[in-house]
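Chemist: So the chains spell out like this:
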Amino acid sequence: MASRTVFLDHLSATPVDPRVFDAMKPYFTEVFGNPSSLHRYGLQVRDALSKAREQFAFLINAESPEEILFTSGGTEANNLAIKGIAYANQRKGNHIIIAETEHPSILESIAFLEKQGFTHSKVRVDKLGILNPDDVRNAITDKTILIAVHHVNHDIGSIQPIAEIGKIANEKGIAFFSDATASAGWVPIDVRAMGVNALSFAPHRFYGPKGVGVLYRNRKARLVSIIHGGVQENGRRAGTENVPAIVGGGLAAELARKEMPQRIEHVQKLQKRLMDGLSTKVPYLKINGPPCGPHRSPSNVSLATEFIEGEGQLLLLDHHGVCVASGGSCVSKSLKVSHVLSAIGLDHALAQGSIIMTLGKDNTESDMDYVVETMAKIVEKLRTMSPMWDEFQQGKIDSTIAPRGIGKSFTEHAAAVSGHREERSTTR
Amino acid sequence: MASRTVFLDHLSATPVDPRVFDAMKPYFTEVFGNPSSLHRYGLQVRDALSKAREQFAFLINAESPEEILFTSGGTEANNLAIKGIAYANQRKGNHIIIAETEHPSILESIAFLEKQGFTHSKVRVDKLGILNPDDVRNAITDKTILIAVHHVNHDIGSIQPIAEIGKIANEKGIAFFSDATASAGWVPIDVRAMGVNALSFAPHRFYGPKGVGVLYRNRKARLVSIIHGGVQENGRRAGTENVPAIVGGGLAAELARKEMPQRIEHVQKLQKRLMDGLSTKVPYLKINGPPCGPHRSPSNVSLATEFIEGEGQLLLLDHHGVCVASGGSCVSKSLKVSHVLSAIGLDHALAQGSIIMTLGKDNTESDMDYVVETMAKIVEKLRTMSPMWDEFQQGKIDSTIAPRGIGKSFTEHAAAVSGHREERSTTR
Amino acid sequence: MSDTKEYTLYNDKVMDHFMNPRNMGDIQDADGVGEVGAAACGDIMKISLKIQDGKIQDARFKTFGCGSAIASSSMATELIKGRTIEDALKFSNQEVVDALGGLPPVKIHCSVLAEEALKAALEDYVKKHPEAVEHAETAATK
Amino acid sequence: MSDTKEYTLYNDKVMDHFMNPRNMGDIQDADGVGEVGAAACGDIMKISLKIQDGKIQDARFKTFGCGSAIASSSMATELIKGRTIEDALKFSNQEVVDALGGLPPVKIHCSVLAEEALKAALEDYVKKHPEAVEHAETAATK
Ligand SMILES: Cc1ncc(COP(=O)(O)O)c(C=O)c1O
Ligand SMILES: Cc1ncc(COP(=O)(O)O)c(C=O)c1O
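Protein sequence lines, in the order shown, are assigned to chains A, B, C and D. Under this note's numbering, the first residue of the first sequence is numbered 643, with each subsequent residue one higher. Under this note's numbering, the first residue of the second sequence is numbered 643, with each subsequent residue one higher. Under this note's numbering, the first residue of the third sequence is numbered 655, with each subsequent residue one higher. Under this note's numbering, the first residue of the fourth sequence is numbered 655, with each subsequent residue one higher.
Think of the hints as simulated: they come from the structure by calculation, not from any bench. Please note that the accuracy of each hint is not assured.
[To be verified] Among chain A residues calculated to face chain C with C-beta under 7 Å, some are: (1) L685; (2) Q686; (3) K911.
Ideal Cβ placement from N, Cα and C applies to all residues, glycine included.
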């Protein structure tokens, strides 16, 4: 195993901050009550939940802690927002507008609703993964009941023009929801300035524990519940609350808010160093999404290396102690190339070579240099093993990143050899 | 505050076992990966989840760890079972059979499904809260797709004849689900002997952490998911897994299984002492549900005291350090008397004086004596404050527990004075 | 539990009136007695009054109900003592809520029940002493 | 991470063949070359063979694909060396899976691709040397 470990997958997981863990500790063995209980143990943890609500409200500048609702994670918060708002407005209409690059938890919730008679429009994004608010405006029909656009994209870090979309939504009186799971803790969020009626996130993306998600929603976002039972969360989300995780998540939110300027400054510096290093040291490598700056999450580095595939890179990086995600992101078991990379028009073959790195507060500059060095080495190794690299050298196929004008495209080539296979299988 | 604390609300919450907490610890700050990640951090926690699946399977004698599915708690597991099985069998029929004394998470899931075109039959229970399997058989129609009967009742501890219902369900080829949230860890469970296709429970009822629930389901229980997104849990439950809670819950299950004989023996002894003590020392007090023995969970003591109301008892008990639940159980914010107590035909006024005590492994015999003593004291205090006690003494109203044949019933009296109020409000 | 804070369902004032109710009991030869119940929650409250010279000399309660119902009746009897019938007829549950430093939203109805028990007791008195109200009404229209 | 166990996506055998692939490369004057792709996942595999006296003398691969695709082609070329054309035509992906000590269910298709690349290379050889198969067929029907 490698002597050095560089964890670059902070969108998948972050270690719980020791201060956060300390705050959680008593809630397992000592302060173990159920918030629904009327005796001292129950009342004591009710106080703890109230405090966490305030801390979460503080992170996103919500007007009141009562606008904070606890779920089990980002996915459930997204399901609750999409389905809950859709069901609550069923009488007004059945049309939902989303960006085409939403997270699967949004896309699959929408797919479920389609079976129940709802319809939707997907707004396209540009080459940088950013949508045009005018396209949202144009997609609105008199049946539109919900607009859902994520704040930061989970794959390529693009920041959406939320405040502008918020203006449009508010003007038209349509509920506006934003999935901020990939941004909360790393990009400032002000729900009032953004004009959202609902917004989701999960503290395990910013040094809080797993097992808790947050759905902010103000009075304008009517919501029916999707997990039924007791009257927890004012009847909006049944089930015993995950008290220790909520307490820890609350503190993580408070710390994230307080330390945000330093965290952003730090990861943005690393991001630039990493992007520059990779672009310089690894030939035929492309950075996906917007350049460092106001349109990109400071913690995301998404790249595509030509002529080789992503999983091999991930495995070799891991062997060298560098932990990253491949194009499939959270959905590692699916064979499909990320729909986000397709949406920004990335060549299919290039998308297969995609790697997502997400930076954290404990990464260092020397980590970045090590990653660049390692990446250069393993890309070279994988290319010597790749038939495509050969054929590129021989001029049979061309590069999409730096076209030379000779040879067919990788995609054409792949189609040709895959065609061969399909012939075979039909004659079997 | 009281010098002594006796926690008697173990169905609402249990402290995490120190061994369980130790096992969880590394998963917050060190072994913090996301099971979906392909690198070492992800793979390491996948191993941990597999182990927990085995431990949960062991507790309920499941055939394979793959039959274990993780959710965020008992409520979500119940929602997933009810809605998931209903949706998956929508083409076959739309009729669901449940016991009338299910937990709100079942009842409200059913209420939700009714809006989507499903129908249901509620099977009645007898005075001890136990249903007759023949009534289940008689409720079956050719549209029946699911039978759901809880294992142990959350309010009064009645154990249902699950194996017999299982035989009927299997014979008819209907999916059979049992909510074992109130029994797991306290009553032996063998899913194969019980003939269930799905069964839910939550480790925070037996010294595991909050934030995780378990749904066992075998091949015969087709299930669609209710929280959509990534492909976690083989596509049955999307969202990042709550790894530390799953790890802790797994160990809690293993310990519960291994220590079950001792735990049962211990609480059953306390249960008898408490029931006997209360029946002897507190006049006009009734134990709800079956007597100590094979038809009652060894950890449940449900009682109703006449002429006084439950919350006051709970508050005074709490003042004396005794933590209990009142009739509303998990649903403390609702004003309604438990539907379980109505179902067993308990007089409405009596149901208002209801208290639920659930025993745990750390309670002692001397705790029981203290509780009996305290209970006798506070019941007396509250009765001196109650107009009903007065009127009973004067022979104006009668007791339901030990009728003397003089005076009208409390309920008649209450209706009369409430009538007075209704008159007033209409003339306002 | 490690911390020393006392966690209670209601605020200190309510807890105090629940734990140490004022004016609990019956008045033997009461001038007015009201007993009312709340159909929704099943609480029952009985207030008895001693009235002299158009003024409430004494008030006692007995309550079958939750903590806030007991506290509300305790507080209502405290507040009403010494008032004239005229003033007492204007008594509102909000006075109880305020004097108790607030009640949880789902418990406001307890204070309403206290108001109703009190008014029922006054009505009972008035039925037996119609002259009292005429007197009060004249006073009011003066 | 505190424990010392090495956590890897695939078993040790697969990891070994991925990290240290056998027979990686091209055969300059190959007798048969097959290049196939999997439309679903986008992997591409190329196998070249050196054949003499009806026997596979050498086999090399190049693969664009995931870890298990690389390991599968490495293992397939190892297994096939020394076999007769006749035997090689009966080669099945299951041999690769078994020799690798198993593959995750979603990765079985990688071994199928290896089988297909090998068969494509054999077909290429047969196209250029039709007599080889006739010979093989006669041998088979003997
Ligand atoms: C029988 C039963 N089912 C379900 C639940 C809900 O479980 P959870 O609080 O874990 O959501 C409870 C809670 O006490 C219960 O007793
Ligand atoms: C943008 C976005 N939304 C939702 C989710 C799902 O969150 P969770 O894993 O907490 O369920 C993720 C996960 O990475 C995400 O990136």
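Chemist: Compare the structure with each hint and give your call.
Modeler: So, going through the hints one by one against the coordinates:
1. L685: OK, holds: A:L685 within 7 Å of chain C, min 4 Å.
2. Q686: holds (5 Å)
3. K911: This interface hint is violated because 42 Å lies over the 7 Å limit.
Against the hints set out earlier in the document, a violation occurs for number 3 only.
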